[in-house]
Amino acid sequence: MVSHRLLVRKLVLICIAMFGFGFALVPLYDVFCRYTGINGKTENTAAPASRRIDESRDISVEFLANRDAGIPWSFAPEITRISVHPGQVKIVNFLVENLSGAATIGRAVPSVSPGEAARYFKKIECFCFVEQPLDAHQAKAMPVQFYIDPDLPSHFTTITLSYRLYNNTPQTVGR
Amino acid sequence: MSTENSSALDINDGHHDDHDHKPKGITRWLYTTNHKDIGTLYLLFALLMLFIGGSLAMVIRAELFQPGLQFVDPHFFNQMTTVHGLVMVFGAIMPAFVGLANWMVPMMIGAPDMALPRMNNWSFWILPFSFFILLSTLFMEGGGPAAGWTFYAPLSTTYSNDSTAFFVFSVHLLGISSIMGAMNVIVTIFNLRAPGMTWMKMPLFVWTWLITAFLLIAVMPVLAGTVTMVLTDKYFGTSFFNAAGGGDPVLFQHIFWFFGHPEVYIMILPAFGIVSSIIPTFARKPLFGYESMVIATASIAFLSFIVWAHHMFTTGMPVAAELFFMYTTMLIAVPTGVKVFNWVATMWRGSMTFETPMMFAVAFIVLFTIGGLSGLMLAIIPADFQYQDTYFVVAHFHYVLVTGALFGIISGVYFWIPKWTGVMYSERLGQWHFWCSLISVNMLFFPMHFVGLAGMPRRIPDYALQFADMNAFISIGGALFGLSQLIFVWCVVRCMRRKGEKASTQVWEGAHGLEWEIPSPAPYHTFQTPPNVK
Numbered sequence: 001m002v003s004h005r006l007l008v009r010k011l012v013l014i015c016i017a018m019f020g021f022g023f024a025l026v027p028l029y030d031v032f033c034r035y036t037g038i039n040g041k042t043e044n045t046a047a048p049a050s051r052r053i054d055e056s057r058d059i060s061v062e063f064l065a066n067r068d069a070g071i072p073w074s075f076a077p078e079i080t081r082i083s084v085h086p087g088q089v090k091i092v093n094f095l096v097e098n099l100s101g102a103a104t105i106g107r108a109v110p111s112v113s114p115g116e117a118a119r120y121f122k123k124i125e126c127f128c129f130v131e132q133p134l135d136a137h138q139a140k141a142m143p144v145q146f147y148i149d150p151d152l153p154s155h156f157t158t159i160t161l162s163y164r165l166y167n168n169t170p171q172t173v174g175r
Numbered sequence: 176m177s178t179e180n181s182s183a184l185d186i187n188d189g190h191h192d193d194h195d196h197k198p199k200g201i202t203r204w205l206y207t208t209n210h211k212d213i214g215t216l217y218l219l220f221a222l223l224m225l226f227i228g229g230s231l232a233m234v235i236r237a238e239l240f241q242p243g244l245q246f247v248d249p250h251f252f253n254q255m256t257t258v259h260g261l262v263m264v265f266g267a268i269m270p271a272f273v274g275l276a277n278w279m280v281p282m283m284i285g286a287p288d289m290a291l292p293r294m295n296n297w298s299f300w301i302l303p304f305s306f307f308i309l310l311s312t313l314f315m316e317g318g319g320p321a322a323g324w325t326f327y328a329p330l331s332t333t334y335s336n337d338s339t340a341f342f343v344f345s346v347h348l349l350g351i352s353s354i355m356g357a358m359n360v361i362v363t364i365f366n367l368r369a370p371g372m373t374w375m376k377m378p379l380f381v382w383t384w385l386i387t388a389f390l391l392i393a394v395m396p397v398l399a400g401t402v403t404m405v406l407t408d409k410y411f412g413t414s415f416f417n418a419a420g421g422g423d424p425v426l427f428q429h430i431f432w433f434f435g436h437p438e439v440y441i442m443i444l445p446a447f448g449i450v451s452s453i454i455p456t457f458a459r460k461p462l463f464g465y466e467s468m469v470i471a472t473a474s475i476a477f478l479s480f481i482v483w484a485h486h487m488f489t490t491g492m493p494v495a496a497e498l499f500f501m502y503t504t505m506l507i508a509v510p511t512g513v514k515v516f517n518w519v520a521t522m523w524r525g526s527m528t529f530e531t532p533m534m535f536a537v538a539f540i541v542l543f544t545i546g547g548l549s550g551l552m553l554a555i556i557p558a559d560f561q562y563q564d565t566y567f568v569v570a571h572f573h574y575v576l577v578t579g580a581l582f583g584i585i586s587g588v589y590f591w592i593p594k595w596t597g598v599m600y601s602e603r604l605g606q607w608h609f610w611c612s613l614i615s616v617n618m619l620f621f622p623m624h625f626v627g628l629a630g631m632p633r634r635i636p637d638y639a640l641q642f643a644d645m646n647a648f649i650s651i652g653g654a655l656f657g658l659s660q661l662i663f664v665w666c667v668v669r670c671m672r673r674k675g676e677k678a679s680t681q682v683w684e685g686a687h688g689l690e691w692e693i694p695s696p697a698p699y700h701t702f703q704t705p706p707n708v709k
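From first to last, the protein sequence lines stand for chains A and B. Counting along the first sequence from 1, when you hit position 174 you're at 174 in the working numbering, and nothing is skipped either side. Counting along the second sequence from 1, when you hit position 492 you're at 667 in the working numbering, and nothing is skipped either side.
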């Protein structure tokens with residue numbers, strides 16, 4: 001009678017490894033997306049100031065704001081479209097107002113479309129870098145200061161920056 | 176013939192009175208470690224699930240018979256599409272293949288039983304519990320899972336009800352069952368082949384199942400991981416797929432389809448093996464290009480790991496990634512084409528007869544190829560943007576799964592049931608079953624191509640008026656196809672009650688292989704002493 005133990009043990013190991021691989025895909029996905037810059041995710045830290053301005057072309061930058069059903073705020077960009085030269089620093093305000101009677105903490109998650117342009121979208125300062133607390137019925141203008149990297153490939157003429165606002169008040173997380 | 180049988184039996188089987196050691200009553204089935212008993216259990220369970228899944232599909236088709244909402248509300252409709260998919264994939268097709276593997280693999284390689292018989296018992300008996308849990312959710316407050324069988328986040332996390340927990344647990348159980356079944360197949364094939372049964376002498380059904388088993392071992396744990404993430408996202412505050420917490424819903428689709436695409440080959444490779452056994456038998460010629468069949472199967476299995484994102488072309492992937500997945504997807508057509516070519520070449524100038532298994536096998540080749548071709552259309556990125564989430568996709572995967580996998584299974588059952596029961600099925604009923612199924616299945620799924628191309632979305636209980644006539648026609652086809660399967664049940668029950676002509680040892684004139692050298696019905700214990708394969 002052949003012993004099956006060794007083979008079974010190997011197969012069980014493969015199963016455990018593949019179960020782990022499923023979870024490993026989570027960080028791998030992030031690393032892959034950051035490395036290739038194809039996911040539309042921007043850097044969540046401040047970029048250095050622009051070195052030069054490329055005045056030969058204009059890039060149309062569009063702003064989108066939407067909010068999760070779980071946050072009782074209004075949320076909209078002050079202006080929906082501007083035209084910038086690559087390298088030119090701009091500040092755009094996003095207006096929020098807490099419509100509820102309770103202090104709430106919001107968190108905005110940015111996304112750039114088309115995804116390949118995300119790595120050329122440089123934010124010097126952004127309200128999305130940190131959590132945004134608002135008292136009851138408080139309103140605020142939240143600025144994002146950015147420029148488009150002059151190395152942006154020429155086939156990009158329009159870039160859309162979209163934010164989705166989530167409720168990050170501690171007791172609502174994991175609900 | 177019968178004298179030949181008993182002499183063969185004496186050599187193969189020390190204690191040849193096969194009724195001696197068969198326990199009686201329900202405990203025989205509960206405690207059984209016999210590969211033939213477990214194979215039978217799997218096959219009957221799959222048949223039951225086929226009818227349960229079919230009934231759910233009938234609810235879908237009844238609702239879609241006319242535009243507007245008639246019978247069910249949209250939420251219940253979504254539960255029907257979801258549970259229909261889960262039941263058919265995990266309850267009907269996969270257990271049927273495992274049942275066929277249990278019955279045939281040991282007999283084909285000259286093994287006395289599966290290598291791990293106790294685990295075999297476990298892997299079957301987990302299944303009924305798993306599906307009891309899943310189906311019970313339909314009767315609970317709020318209903319069953321409704322996120323589609325693909326349970327995309329956030330549909331399955333943020334927007335689902337508590338049936339998610341039951342669904343996840345049931346998928347865990349059936350995953351464990353599949354993995355144990357696959358391990359058993361691998362260990363059996365690696366360790367229990369009869370002397371002389373070298374790798375390249377193994378019947379193609381054994382080869383395709385070996386490769387399938389490795390696919391199962393590789394991807395079922397990933398599915399287990401996916402549902403676990405869904406569970407923790409919903410109940411334990413993690414944010415794998417929740418953008419608010421830094422996760423990404425698109426990540427769900429990547430992980431799911433990393434499992435999901437190999438899964439679709441898990442559901443078709445064993446059918447390739449069945450058809451590769453049947454075509455040579457009824458063409459009375461050896462299989463054309465055996466080695467290329469093995470290589471093609473292995474290539475399909477390998478390629479299945481690098482094509483998953485073709486399910487996600489519209490999620491906003493960069494062009495480079497879309498091109499990569501388009502080309503790898505199209506590449507699969509090459510080994511698949513090799514297989515179709517080999518089957519046709521096997522039939523070329525053969526002395527063909529068209530008994531029921533052969534009819535289903537030939538229909539498999541033609542109709543599976545139609546499903547494969549619509550798959551190629553779906554692989555073309557710009558076209559896919561139009562086809563995505565339409566009935567064209569539904570038509571595509573039903574051609575490969577119903578007229579592909581299911582027809583493969585049915586032809587295998589007709590082919591081997593004389594060996595299992597010792598009596599021939601009724602050829603007249605079998606032919607009726609075939610022609611009714613063939614006509615109705617094409618009434619059911621072929622028009623779906625057209626309504627899909629015209630823009631009818633899938634998973635929606637209502638549709639625009641211009642699709643009304645087609646949908647009525649499709650629903651009638653669906654009902655007829657469902658009814659046709661009752662003929663199949665009749666055929667199977669007749670054989671199980673030993674009604675019919677006694678089958679010979681070889682059963683089919685052109686059949687070759689170890690399983691055709693043991694008597695019909697196959698004794699409870701076979702190949703206690705391994706045969707010598709020349």
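No wet-lab data here; the hints were simulated from the structure. Among the clues, some could well be false.
Pair by pair, the computed Cβ-Cβ distance ranges are [unchecked claim]:
(1) B:Phe365 to A:Phe129: 53 to 59 Å
(2) B:Phe365 to A:Ala17: 17 to 23 Å
(3) A:Leu6 to B:Met375: 44 to 50 Å
(4) B:Gly317 to A:Ile91: 30 to 36 Å
(5) B:Phe477 to A:Arg51: 30 to 36 Å
(6) B:Ala495 to A:Arg51: 43 to 49 Å
(7) A:Asp30 to B:Leu548: 15 to 21 Å
(8) B:Arg672 to A:Gly20: 45 to 51 Å
(9) A:Gly70 to B:Ile481: 35 to 41 Å
(10) A:Phe129 to B:Asp564: 21 to 27 Å
(11) A:Arg5 to B:Thr202: 40 to 46 Å
Calculated from the model, a selection of chain A residues having no Cβ within reach of chain B, i.e. all distances over 12 Å [to be verified]:
(12) His4
(13) Ile14
(14) Gly20
(15) Asn39
(16) Arg51
(17) Ile124
Cβ coordinates follow ideal geometry from the N, Cα and C atoms, glycine included.
| field | Hints violated by the structure (listed by number, smallest first) | value | 3, 4, 5, 6, 7, 10, 11, 12, 13, 14, 15
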